[in-house]
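Construct the entire structure; sequences and hints are all you get.
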Amino acid sequence: ECPVHGPLLPLDESLGWDRASKAFTSILVPSQVTIKMSSIKNAGKGVFAKELIPKDTRIGPYKGEAFKKEDVKDDTDTSYFWEIKKNGCEAYYIDGKNEEHGNWMRFVNCARTETEQNLISFQYHGDIYYRTIKHITPGTELLVWYGEEYAKALGL
2 ECPVHGPLLP LDESLGWDRA SKAFTSILVP SQVTIKMSSI KNAGKGVFAK ELIPKDTRIG
62 PYKGEAFKKE DVKDDTDTSY FWEIKKNGCE AYYIDGKNEE HGNWMRFVNC ARTETEQNLI
122 SFQYHGDIYY RTIKHITPGT ELLVWYGEEY AKALGL
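Under this note's numbering, the residues of the sequence shown are numbered 2 to 157, in order.
Do not rely on the hints blindly, as some may be mistaken.
Stated by the list, open to error - With beta-carbon atoms standing in for the labels, derived distance ranges:
1. G7 - G45: 31 to 41 Å
2. E52 - S27: 22 to 32 Å
3. K23 - D128: 21 to 31 Å
4. E52 - F123: 16 to 26 Å
None of these hints come from the bench; they were simulated from the model.
Even for Gly, the Cβ is constructed at its ideal location relative to N, Cα and C.
Quick look at the structure:
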């Protein structure tokens with residue numbers, strides 16, 4: 002339980018899997034969401050709510066391959082990377098690009114503006130999670146804000 006935000010409700014993946022997402026990915030997707038083309042121009046696929054996802058729902062953890070900082074080259078595609086910190090310093094990265102190692106969270110896109118976001122990311126015990134910051138209604142795309150600099154790099 003977070004001392005600042007209180008308890009979080011987990012997104013219950015035991016409720017089954019979304020069959021419609023199979024048209025877009027081989028990754029299992031919880032029944033509460035679906036994968037389809039993003040509402041954001043040139044973003045590719047996105048994650049959309051199929052039912053109401055309440056505020057303060059915990060989503061995750063983000064899955065992928067771990068990479069040490071020294072193993073990441075200048076030409077490495079970092080578009081699916083999350084930086085994991087330990088004692089305030091970069092410890093390693095989690096790369097969700099490879100669908101064999103990643104999970105459905107790799108399809109959550111960056112919001113175009115901070116006000117458009119409905120998720121925030123946080124690190125807990127070396128894993129990355131999302132927390133819903135508002136109720137997400139059916140048909141709404143799940144979006145996280147990575148910051149102004151990242152949005153500019155994406156051309157948003």
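Cross-check of the supplied hints:
no.: 1; hint: G7 - G45: 31 to 41 Å; result: 34 Å, holds
no.: 2; hint: E52 - S27: 22 to 32 Å; result: 23 Å, holds
no.: 3; hint: K23 - D128: 21 to 31 Å; result: 26 Å, holds
no.: 4; hint: E52 - F123: 16 to 26 Å; result: 23 Å, holds
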